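Taken in sequence, the protein lines are chains W and V. Using this note's numbering, read the first sequence as starting at 3 and increasing by one per residue. Using this note's numbering, read the second sequence as starting at 8 and increasing by one per residue.
FYI, nobody ran anything at the bench for these hints, they're computed from the structure. Note that the coordinates shown come from a computational prediction; the quantities given were computed from them, not determined experimentally. It is possible that part of the hints are untrue.
[What the hints assert, rightly or not] Selected chain W positions facing chain V (Cβ under 7 angstroms, derived; list incomplete):
| no. | residue |
| --- | --- |
| 1 | 13 |
| 2 | 41 |
| 3 | 44 |
| 4 | 45 |
| 5 | 48 |
| 6 | 50 |
| 7 | 51 |
| 8 | 57 |
| 9 | 65 |
| 10 | 69 |
| 11 | 104 |
| 12 | 109 |
| 13 | 110 |
| 14 | 114 |
All C-beta atoms, glycine included, are put in the ideal place defined by N, C-alpha and C.
Here's the letter readout for the chains.
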Amino acid sequence: AQSVTQLGSHVSVSEGALVLLRCNYSSSVPPYLFWYVQYPNQGLQLLLKYTSAATLVKGINGFEAEFKKSETSFHLTKPSAHMSDAAEYFCAVSPGLLGNTPLVFGKGTRLSVIA
Amino acid sequence: NAGVTQTPKFQVLKTGQSMTLQCAQDMNHNSMYWYRQDPGMGLRLIYYSASEGTTDKGEVPNGYNVSRLNKREFSLRLESAAPSQTSVYFCASSEETYYSNQPQHFGDGTRLSIL
């Protein structure tokens with residue numbers, strides 16, 4: 003069965019520091035992978051998606067993620083955190099060709115940015 | 008750009024009351040979903056509709072019913088509300104359900120409290 007594991011339910015960084023949010027997946031190859039962001043009292047918004055065109059994917063607000071097949075990972079990074087990045091982040095995987103379920107979401111990582 | 012619209016945004020019910028949460032999308036998407044979000048649990052799929060005329064159970068369907076009224080609208084009904092159903096409910100839509108590189112688009116949520 004497909005699954006997504008987000009390491010760390012809460013990550014705290016200083017303003018200006020590197021942001022690294024970890025996501026490991028289990029899926030048939032090739033997977034489609036997504037990162038979403040949820041700001042307080044809002045729905046989820048798409049940050050970026052991997053669709054096999056390139057292993058390094060750039061998203062909105064300066065975020066990017068790298069697909070590493072050998073590590074079954076799709077970690078989200080941003081070189082310099084801003085206060086406005088404080089939110090909850092969800093990784094999701096679309097099951098492979100034989101999948102018969104919708105998108106599978108991780109449990110989320112809450113990012114806090116300290117001034 | 009309306010996207011996915013959920014009504015109501017907030018609701019308080021008493022135990023045993025019934026309620027229907029409404030969702031409509033204007034993106035001509037085939038697939039629609041209902042999730043609930045609880046602290047520490049991430050997003051959990053309640054029901055989904057891969058296409059007009061079909062509905063399927065997700066991870067936590069007990070206590071809920073759904074209706075895909077037409078291609079645009081997908082409603083979620085609580086027949087006899089219980090305190091355990093206090094949650095934030097999100098509706099989402101996407102072009103396709105299975106093995107898709109198209110992301111889900113989310114509404115802003117309905118915050119439901121059951122006393």
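Checked hints:
| no. | hint | verdict |
| --- | --- | --- |
| 1 | 13 | violated (15 angstroms) |
| 2 | 41 | violated (10 angstroms) |
| 3 | 44 | holds (6 angstroms) |
| 4 | 45 | holds (4 angstroms) |
| 5 | 48 | holds (5 angstroms) |
| 6 | 50 | violated (10 angstroms) |
| 7 | 51 | holds (6 angstroms) |
| 8 | 57 | violated (15 angstroms) |
| 9 | 65 | violated (15 angstroms) |
| 10 | 69 | violated (13 angstroms) |
| 11 | 104 | holds (5 angstroms) |
| 12 | 109 | holds (4 angstroms) |
| 13 | 110 | holds (5 angstroms) |
| 14 | 114 | violated (15 angstroms) |
Consistency with the previously given hints fails for numbers 1, 2, 6, 8, 9, 10 and 14, ordered from lowest to highest.
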